[in-house]
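> Turn these sequences into a full structure, and let the hints guide you.
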Amino acid sequence: MNLHSILSILVFSPLLGIVVLAFLPKQSEKLIKWVGFLATIPALLIALAAYLHFQWGKDLADFAVSKSWIQFRGMGGAPEPFFSVNYELGLSGFQLLLVVLTAVVATLSAIAAVKFVKKEWKGYFMLFLLLEIGMLGVFTAENLILFFIFFEVTLIPTFFLIGKWGYFEKEKAAYSFLIYNGLGSAVLLIVIMILFAKTGTTNIEMLTKIIADPSAPLSGDLKLGLLIALLVAFGVKLPIFPLHSWMLKVHVQAPPAVVMIHSGILLKIGAYGLIRFGLGIFPEQFKTLATLLAVLGVINLLYGAFLAFIQTDFKMVLAYSSISHMGIVLIGLAAMNEAGVQGAIFQVISHGLISALLFFLVGVLYERTDTSLIENLGGMAKGMPIAAGFLLAGAMASLGLPGMSGFVSEFMAFLGLFKELPWIAAVGTIGIIMTAAYLLRAVLGMTYGKAHREFTGVLDLKGVEFVPVVVLFVLIVLIGVYPSVLSAPLQTTLETIMLGLGG
Amino acid sequence: MMENAWLIPLFPLLSFLILLLFGKRLKKASAYVGIIFTLASLIFSILVLFERFSEPTYMTKFEWLTIGDLHLTAGFEVNQLNALMLFIVSLVSFLVHTYSKGYMNGDERFPVFYAYLGLFTFAMLGLVLSPNLLQTYIFWELVGVGSFLLIGFYFNKEEAKAAAKKAFIMTRIGDVGLFIGMILLFWETKSFEYSEIFKAVDSGAVSGTMITLTAILIFIGAVGKSGQFPLHTWLPDAMEGPTPVSALIHAATMVAAGVYLVAALFPLFLASKTALLTIAVIGAFTAIFAASIGLVQTDIKRVLAYSTVSQLGYMMLALGSGGYVAGVFHLMTHAFFKALLFLAAGSVIHAVHTQNIEEMGGLWKKLKLTGPLFLIGTLAISGVPLLSGFFSKDEILIAAWEGGHPILFLLALIAAFMTAFYMFRLFFMVFTGEARSEMKHVHESPNNMTFPMILLGVLAIVAGYVNTPWFGSFFGDWLVDGNPALGHGHIEGPIWIMIAATVVSLLGIYVAYLMYFKRSLSRNWLSGTGDTLHTILLNKYYVDEFYQLTVIAFTKGFSYFLRFIDVFVVEGLVKGVVGIVQGLGKTGSKMQTGQVQTYGAVAFIGLALLAVIFALTGGYLR
Amino acid sequence: MSSVPASAFLALALILFCIGLYGALTKRNTVIVLISIELMLNAVNINLVTFSKYGMTPSITGQIFALFAICVAAAEASVGLAILIALYRTKKTVNIDEMNTMKN
Amino acid sequence: MSLKTLSEFNWSVMTPEFIILGVIALLTLLDLFMPKRLDRRILGWLSIAGIFAAIVSVVSLLSVEPTSILHDTFTLDTFGKAFKLLLLAGAGLVMFLAVSYEAKDGMEDYRGEFYYLFLTALLGAMFMTSSSDLITLFIGLELLSISSYILAGIRKHNLKSNESAMKYVINGGISTAITLFGMSYVYGLSGTTNLGEIANTLSMVADGQQAYLLGLAFLMILVGLSFKLASAPFHMWAPDVYQGAPTPVTAFLSVVSKTAGFVIVIRILIAVFYNAAPSGEGGSILFRMHDYLAFLAAATMIIGNVVALKQTNIKRMFAYSSIAHAGYLLVALTTMSSNMIFSVWFYLLAYMLMNLGAFAVIQVITEKSGSTKIADFAGLYRRSPVLAVTMGILLVSLAGFPGTAGFIGKLNIFVGAFYGEPHYVLASIMIATTVVSYFYYFGVMTQMFFRPARDESKFNVPFGIIVVLIVAVVGSILFGIAPNIALDFLNNLQ
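Protein chains in written order, with the working numbering: chain A, 1 to 503; chain B, 1001 to 1622; chain C, 2001 to 2104; chain D, 3001 to 3494.
Derived by calculation from the structure, the hints in this document are not laboratory data.
Do not rely on the hints blindly, as some may be mistaken.
Stated by the list, open to error - Some chain B residues close to chain A (C-beta under 8 Å, calculated; not the full set):
id : residue
1  : Phe1168
2  : Arg1172
3  : Ile1180
4  : Leu1184
5  : Phe1186
Keep in mind the model is a prediction, meaning the values are calculated, not measured.
Glycine residues also receive a C-beta, built at the ideal position from the N, C-alpha and C atoms.
What follows is the structure, encoded as structure tokens:
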């Protein structure tokens, strides 16, 4: 079998589902749901196969594909520089992990959608599958233009998924999402185009080499400027304070299945971009920003944590908690050593799983009780012990309980930063306490205590709902107990980054 | 056997998993699952302990996590301290498992309770087997969760919810200290392994300030876990959990983990005089501070809880004074007699369905087994000669005296008096005096509850004889064997200390006797002589209120301040930008008047403007 | 003949152009506006013819250009008037400031 | 010029123009002699056939070396071929709209004229692509303009149509006069109207006064022609005229007429000013005027996008959107990078596809509802999912999202903007205003997909519209995913 076409198949496999769905009648709910769900399976299987491929000691470079795609030429036949963009996909260890994460969360989100989406399944699943293509593409793209294209491809379906299937203020949230991310991607596009025009390539590997070359046609100031622009672009996505307000709206208003994807994967694109492009392409300049990043990270961590502490809506708690947790990514990156960067990457994946789990549970709760207010849910452990148990477990994972994935990432990020900037890290550790405080306040407020309402007739988790919960939870624990499942593929990526940083 | 020690924590883990998955179906049989698995742990622990008597330390590890060039390992180690702790933990856990079968009978979440117990036991056993700080930290947090879950077992009680939350967060504050200390130490020594750390500290590779800093940070972790001042407030509240849990977690095992941690890292602490002194001072202060609160509490479990805090302070004092053996020794004896006291208290509560000692009385005759067992525990903790507590407390006092802390020694002595007093106050109020009318139908607890108590009772009496000035210090010698840095197995102290300790504890008992049995001293002499003092003690020195007014209020206030920023500054900025764009649009829209001549005029003005600029600048703008 | 300098013709053209522009932008009556536009176009014609005689490199092309411009201007004016008539039929007015049914 | 020289010209290079001219003549005669009761739509189909024939003839001329006839007034070069194809394709699609357009408000009697006026306008535009002389350029421009005036007012009994035509004429007249005034100075300074010769003469200008005058001429021509581009400062007529004119005419104005505008602007800027007075400070006139161009481009983008936010009328909104797109194209002109013509051509191609497709949908909706409010799009997804999705794709392309031709078009412009001397500010404005444009494009989406429909009636989509939609959607996506088809085509022309 030709491995080079595998990635293209992986990325575009949901397309098959879209095509099939297009020809299904609107009303055949069951069939649409099945097709929507099944269309996510090929990508999942391929992603897992690629992971095994790696675990069996084979080279991920086998998957790389590069085809000529667009040529920009000058008029007049003059020997003008020949700008070309190739269609290039590839996998590194880091990308592999994110692809697996995407495939897993997408499949689980499809299950969530099967359960929670109440109308217009056809449109939903078509957009959803388009979104999956975008996400898979983002993580496999090997050049910036392609990355950008897939990045933007995620925007449109998300806009519709939020705007049509969301809650009360869905349209506002959708617009907020679109404009913020539009601005972010606009800044990103400027960076990409400047790099493209200056170096003649957008291939990430080549760019890294060119930029590292001191004779590169870019001045130090320009590079720093580009990096700051990147920081802003991905800072919107991550989000970094004060660019976060759109994300709150999205988390509260979007349907749970979409928030699983959004919080689980889309936000991670920001982290991925920062690591792959910021740290990867501009290591020198990144160093000069380390302190700034560390401070931003700590601000994010504490800001999110303190605000989560006083929220009344559990979705808001989770939204601010996402901000807080993304602070850890920044903290890890700011450390710029192996521990820190690996911690950041771990946090990316770990938070992806944890937030997917928590938002799925929110979906379950909302479906049963029509509320996500902490106060209204008080004492629900009585009526839905299993859901409450998983909620608590998810919160524990989120607050960095050892034995679950959150701890490993948090630990490594702080381990890294304590080596470089111990004082900032020390301030950041307040976040560890606050995380416990706000999560327990919220989760105990919902599960424990006297029941404020009757939970009779409210059903606990059942049937297919167990699949996402159990799968995510098992993954969270697996990473927490045996982190090598993640760290092994990461070592080459890490080496490359460290090489760029000068050892 | 030692190479199989890793199985010991796995048994309870299995129990946890089985009960989690099948608990609903197993129902009552859950208890047997838990008991059998912990029994297996116990047997293995005993085998390991005995093997360790004759064989050297066993250690194994494997790579757990790779971070570039850093290779973090996990594994297990069986040294003297670990082996001892394995035994204590699995024993108490087994007994509590057995006891709970009776105590928790009839609870609808019976299997869940056993599952949680299994989780906790697993974590605790894992903690004591850990050969490195990171692994210790991991299990350290997991025991916290076990404790949290069990405190909040009666989840629909608001108090239980609050107590669970408080326990978790307060200990987490301490844990962060441990976390930072551990990481700092790692970057100093490039390892989490205890042995590597000691080696680095020994060789002087770590600066003195750094040792002090990390030692104190790690000690903060211990402060949180062991309920030392100022992070002690969660421990009394934790009594909201079922009583067997209090016996297991909040008396015998988890709260002792702080002491264990300091003991396990003792060479590090020994390298810093400041750190040792800090430990000693905090320990002594906590001992007397908690004891004084214990004087006036009326809830049977809370008295015991403050007593635990106080006794843990004792252990810290011992360690801080360099009395490694004394600290560990007291840890062991305390585990036995405090577990006994809690189980006995549980038995009492089981019988009378109240925890308020003012509503009890005259139970001696009705609880024929519990009464004497409780008395044994009380005598042991009070330091009455010939019982286990006497020997270990004596060791601590000697350690404090020899360690050169006369003031702390004095404090410890006063605390010993108070301990004797409040424990006998408790005993007299519960078991003597007149029986209340509503307590007619009081029965002794079933066998599966009394059996563990009897076993603990025996241990509470005899456990001290492993390390006495009279029959040899076998225990102490074994404990420090091969580690000269830890000090001697037994420190020979002046004989007057032993006498003083005996006198003090007897005095305490006598005063309590006068006040609560003979009633010849006013029961309320404290409130009589100093009303304010009584109120202060009753309100636990207002520490909770203080926290409420400072830390929590600040956190809330700061949160609201940030929300203000979030809503007005961050959102406001966005709204401002949107407003500007919209405003521009509106203006542009207004200019579109429909008057065709305006359109032409705009074009002309544009042209004129460009031409004027062109004329003024001569064409070239740059 | 040659006593009149080229600049005078150019100035005349410029003035005519400005008068035309002024008229086109201020007059209410659409017919006058159309005539003003004619004026502007004719100013250009004067320019072209001037240049064809006194330009840097005099040539006949300017005059040809002017001829074309005259034709185009005529066509434009006739179309303009035709449209105005149509408009007058529906609106009963030739005032340009009343043509504002479409605006934001 | 004798008959002999006439016959020596290689007339075949003018075949496309002759075909269109022939069709115009044929249609005029047919219209005159056809019985009144016969449906004039057949004339529309004939003109489509004519345009198709012209396209075929252009294609057959693709391999011809650049040829100049009629004393260098008519040149068939790569530029001409490329843009002629664009104009023909655009006009062809517009004809499909026109055929499907329902005549009313006094237009019934002039149905025939409706079709061949489009063709005359097209002929004017085609001439512009091939002119290399100021006079022919001017004639082509006016042929296009005057035909458009009539087209805008062809609904004789409709006040709005009349008014829009009137506004168009008056503003068009003023703009013509300004352009012509500028041209007259160029003629005066060079003494010739032939573009090649002008370039030659002007490149020798070294005198400051003359350069100054040339600068003024540049500004006048630019402002005058900005009328055709609908760019600042001569953009304000566009919303009113777009609103009042029949939808096919609006589509024509926004696409074909704009393309023609860019053709003439590029012709004049490059041929006349690129190398004019090169010895002055800051290089030739074009480079000295660079900042003015940038300023106008920025103003156009900002005005177009920002004012579009406030629109409630779909046609007005598209007018502002078309102003904004003119601004993007001006960015490409401003940067004058080596791939400028590529970018402009590709962008116009993409713009033609997406905008004509959008107008096709607008025509269907507005004819059904009888009004042009954006709110009429409410619930379109329920009423006709295909139409809604089609419109959605086109809007996404207009907004410049990847996967569509609109994105590649913008990408081209960006490459140019950063290549060589980078234009950070201009590019930033372009991209920021693009984000602003999401608001109003997605506003239409919101109506179509999120809002409930006022009535559930279905649409009867005419054949012509279907053709346009298919071409537009397929083209938008095809050139978005595989832009090299178009780029290579253009490249192989050279």
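> All hints, please: hold or fail.
Quick rundown of the hints versus the structure:
At its closest, the beta carbon of Phe1168 of chain B sits 6 Å from a beta carbon of chain A; the interface hint therefore holds under the 8 Å criterion. Look at Arg1172 of chain B: its Cβ gets to within about 5 Å of chain A, closer than 8 Å, so that hint holds up. Because the smallest distance between the Cβ of Ile1180 of chain B and any Cβ of chain A comes to about 6 Å, under 8 Å, the interface hint for this residue holds. Taking 8 Å as the C-beta contact cut-off toward chain A, the hint placing Leu1184 of chain B at the interface holds, the least distance being around 6 Å.
Satisfaction of the interface hint for Phe1186 of chain B is found here, the shortest Cβ-Cβ separation to chain A being roughly 7 Å, below the 8 Å cut-off.
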